[in-house]
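Peer 1: Listed below, chain by chain, are the residues.
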Amino acid sequence: MEENLVKTCLHDRHVKLGALMSPFGGFDMPIQYKDIPTEHNAVRNNVGVFDVSHMGEVRISGEDAYRYVQHIFVNSVEGAADGQIFYGMMCYDNGGTVDDLLVYKVNDKEYFLVINASNIDKDVKWIFDHAEGFNVNIENQSPYYGELAVQGPKAEETLMRILNLPLDEIAFYNFKTFHIDGEDVIISRTGYTGEDGFEVYGSHEFTIRLWDKLIADGVQPCGLGCRDTLRFEVGLPLYGDELSADISPIEASLSMFVKLDKDEFIGKEALALQKAEGVKRRIVGIELEGNAIPRHGYPVEVNGEVVGEITTGYRSISTGKSVAMAMINKPYDKLGTEVEVRIRKKTFPGRVVKKRFYEKNYKK
Amino acid sequence: MKIIENIRYAESHEWVSLDGEIATVGITDYAQHALGDIVYVDMPEVGDEVTAGEDFGAVESVKAASDLYSPVSGEVVEINEALEEEPGLINQDAFANWIMKVKVSDPSELEDLLDAEAYAKICEE
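Here the protein sequences come in this chain order: P and W.
Here the working numbering is used: the first residue of the first sequence is 250, the next is one more, and so on.
Here the working numbering is used: the first residue of the second sequence is 1371, the next is one more, and so on.
Isolated chain P, as found in the complex:
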């Protein structure tokens, strides 16, 4: 095992459950407990719990918190109610993506940012480095918080019963802070699976207690393996695959999260130019004929010429089809374009489709 891997507060639980552990974003994380399809289907049809304590949390507070969040975030929190959550990105001046994140609005003077584990150090430095001239206090709270994602059509019923809290009052992409056992616990109706569900942020002690109660209740523990198959099927991006320092949100076909009508934000000029002139390539879906499985990095060809590459690919567990997201040069990104995906020594025919292979099932 690699040295210096961080263990989440639930690491010994995972080991005891017999999880296959693997490094992810600098953490030693559970990939699967039983097998990926079982865990995937538990979330699609019932309920599953993920230890996502590796995710990073940064709290921004102070007089200029609103103005500062607007400065670093490409989406807009303008006019938001307290308790609302926004998905979006932080971008470089050239439009490349620093990270994708959730912004929780506590109030005008306080925001709670949830960032990717693999980017915590980079993001925290970026956030500090761009705070000059803003009266804000920035606190990296990642070491404090544990986080569980409880996901699936039975997530609400299960979590409400176990916590005895009115979680049905929390709307999609909203959160509430509850005082439980002497601490503040943040619960949001969010997730990364395309199903209804909640994400719960509390101390390590709280996180361990809640995990134990969920497992004792029969909730399926789910690893990062099915977290990836679930997010992929509903077309959600993963930083490192569909977004990166080299891939802008516009290229990732996520321009709906870029609010160019805002006064200013880092990357605005570059992104506005991309939007106005069009990008040379973008993320699309590809469906393959046959059973071969496209994987990250495999070339996509048209008439023997490479026109892009796969960013994520699987045999979809929910539909059984071989599908992928891919970064494709224009004009081959058009729906219905016939392409070939090179898989080892052979090529397999496919076509460009929408990058949503399974319909989301959110409770809105």
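Please note that the accuracy of each hint is not assured.
To be verified - When the alpha-carbon atoms are kept at most 27 Å apart in a straight line, the in silico DSS-like pairs for lysine-lysine are as follows:
1) P:Lys579 with P:Lys517
2) W:Lys1372 with P:Lys283
3) P:Lys508 with P:Lys403
4) P:Lys603 with P:Lys570
5) P:Lys358 with P:Lys508
6) P:Lys374 with P:Lys511
7) P:Lys374 with P:Lys256
8) P:Lys358 with P:Lys511
9) W:Lys1473 with P:Lys594
10) P:Lys595 with P:Lys579
11) W:Lys1491 with W:Lys1372
12) W:Lys1372 with P:Lys595
13) W:Lys1372 with P:Lys265
14) P:Lys609 with P:Lys594
15) P:Lys595 with W:Lys1473
16) P:Lys529 with P:Lys579
17) P:Lys462 with P:Lys403
18) P:Lys594 with W:Lys1471
Rather than coming from a laboratory, the hints here were simulated on the basis of the structure.
We have chain P; now place chain W onto it with these hints.
Peer 2: Okay, now just chain W, sitting in the frame of chain P:
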């Protein structure tokens, strides 16, 4: 973990059993267990030439693809078509559910491979 006597093994976790000049090739029980649920087997075509130590296809779990390396050289004379529909057969019994049969060009290549005892040691490491 199951290991069968009297057949040969490659360090890359393929097994081979020689009957006359026809070698039957598959992956080991250790390999199928390490891979998890197999959802696709990329097999060569009948008539393809394979070379000892070089890849001839792949087995794929949900998560990842693993290349297959031929333990022998020769011409592919048969593939296990049942695996096209039901790749998970390998998880059920990796030794019964072979992947390809090869008409070997040099039977002495098998002498370079491991016996059951030596392969078992590799798996323990």
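Peer 1: List in ascending order the numbers of the hints, as given earlier, that are violated by the structure.
Peer 2: Checked against the structure, the hints that fail are numbers 3, 12, 14, while the rest are satisfied.
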